[in-house]
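Engineer: Okay, here's what each chain looks like letter by letter:
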Amino acid sequence: MESKEIRESGIKVWNSFKNVMPVLTGVLLLVALFVKIVPKEIFAGLFTGNAVIDPFVGAVFGSILAGNPINSYIIGGELLRNGVSLFAVTAFIVAWVTVGVIQFPAESMMLGKRFAAVRNLTSFILCIIIAVVTVFSLGLFTW
Amino acid sequence: MVRKAVRKLGTGWIFLAIVLVIYGVLGMFNYGIFEKAILGFFNLLLTVLPVIALVFGFLFLTNLFFTPKRVMKYLGKGSGAKGWLLMIAGGILSTGPIYMWYPLLSDLKEKGMKSSLIATFLYNRAVKIPLIPIMIYYFGWIFTIILTIYMIAFSVINGMIVGKISR
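If you read the protein sequences in the order shown, they are chains A and B.
Using the working numbering, read the first sequence as starting at 1 and increasing by one per residue.
Using the working numbering, read the second sequence as starting at 1001 and increasing by one per residue.
Because the hints were derived from the structure by calculation, they are not lab data.
Any given hint could be a false lead.
Stretch by stretch, here's where chain A covers chain B in the computed footprint (C-beta under 8 Å, at least three residues) [as the list claims (entries may be wrong)]:
id	region
1	1090-1096
2	1145-1159
Between beta-carbon pairs, the in silico distance windows are [as the list claims (entries may be wrong)]:
id	chain 1	residue 1	chain 2	residue 2	range
3	B	Leu1054	A	Gly83	29 to 35 Å
4	A	Ser3	B	Gly1032	51 to 57 Å
5	B	Trp1141	A	Gly83	32 to 38 Å
6	B	Glu1035	A	Glu8	40 to 46 Å
7	A	Arg7	B	Lys1073	24 to 30 Å
8	B	Gly1140	A	Glu8	18 to 24 Å
9	B	Gly1080	A	Thr142	27 to 33 Å
10	A	Glu8	B	Gly1010	21 to 27 Å
The C-beta atom is built at its ideal place from N, Cα and C for all residues, glycine as well.
All chains, please: the whole structure from these sequences, using the hints.
Structural biologist: Structure below.
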């Protein structure tokens, strides 16, 4: 391999690092802020007990929230213990990792606005469908 | 004037400036939360630094070895089942937050990677093998297996829809 190719690749990486760093720093700052200002206990009160509305509510909050997926399991586990339906909790944990409202500016800047919009919207709809089919399938196995 | 500033600075810096303004306002009104958020930011930064290094290392290697022709072969229009399987495995095995992978995917997209495969990769980031025991602890192993299978299957559906609509 020629040293010219290695240098060119290094320059390209440096240029993309310069473009990406402000966006990533902004997203990290937003995530940190969100985690600190929204207490975990607040979520239990958002669910109504309605089997149709709750998965939607779960998906909405899973989409807005960000952070390590472990947090979504912990919050989801607590919600289940507090009587929130498994439909809602499943939609919540799937949306947490597949839909990203906070990351949306970064995703649209780097992968295109249309791509980011379509991907997030599709993922949002699919997380409700996944919640429904998962809970029904679980019913078949535990029947 | 705004357009000129955006062009000169780039949207990324404008975005960061807006976030910093939010922090500035927060600092003026509630210093306690501001301090906690800043500490949270540095903790987060420490955890993602190895992933940033990994992603930019990958970026360096793909620039070196992956010509647009090669990307088209494995991840482009004619990639077929091989491309889907590569992206499912890549998404599952990749570590760190989702947004750390945008630069690499953006680079591969410029070289000819299909949008559908990018979406499939991003969707499979939801399946995290190291976190499966925690999911089993909270929701049971039957739920975990069923959800994992559906997530992988739906990642392909998600990719197909995104590929068709975002074209």
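Engineer: Each hint: holds or not?
Structural biologist: A quick look at each hint next to the structure:
1. 1090-1096: violated (count 0)
2. 1145-1159: holds (count 7)
3. B/Leu1054 to A/Gly83: 29 to 35 Å: The hinted range 29 to 35 Å is violated for B/Leu1054 and A/Gly83, with Cβ atoms some 41 Å apart.
4. A/Ser3 to B/Gly1032: 51 to 57 Å: Holds, at about 53 Å.
5. B/Trp1141 to A/Gly83: 32 to 38 Å: violated, 23 Å
6. B/Glu1035 to A/Glu8: 40 to 46 Å: holds, 44 Å
7. A/Arg7 to B/Lys1073: 24 to 30 Å: holds, 26 Å
8. B/Gly1140 to A/Glu8: 18 to 24 Å: violated, 52 Å
9. B/Gly1080 to A/Thr142: 27 to 33 Å: violated, 38 Å
10. A/Glu8 to B/Gly1010: 21 to 27 Å: At 22 Å between Cβs, range holds.
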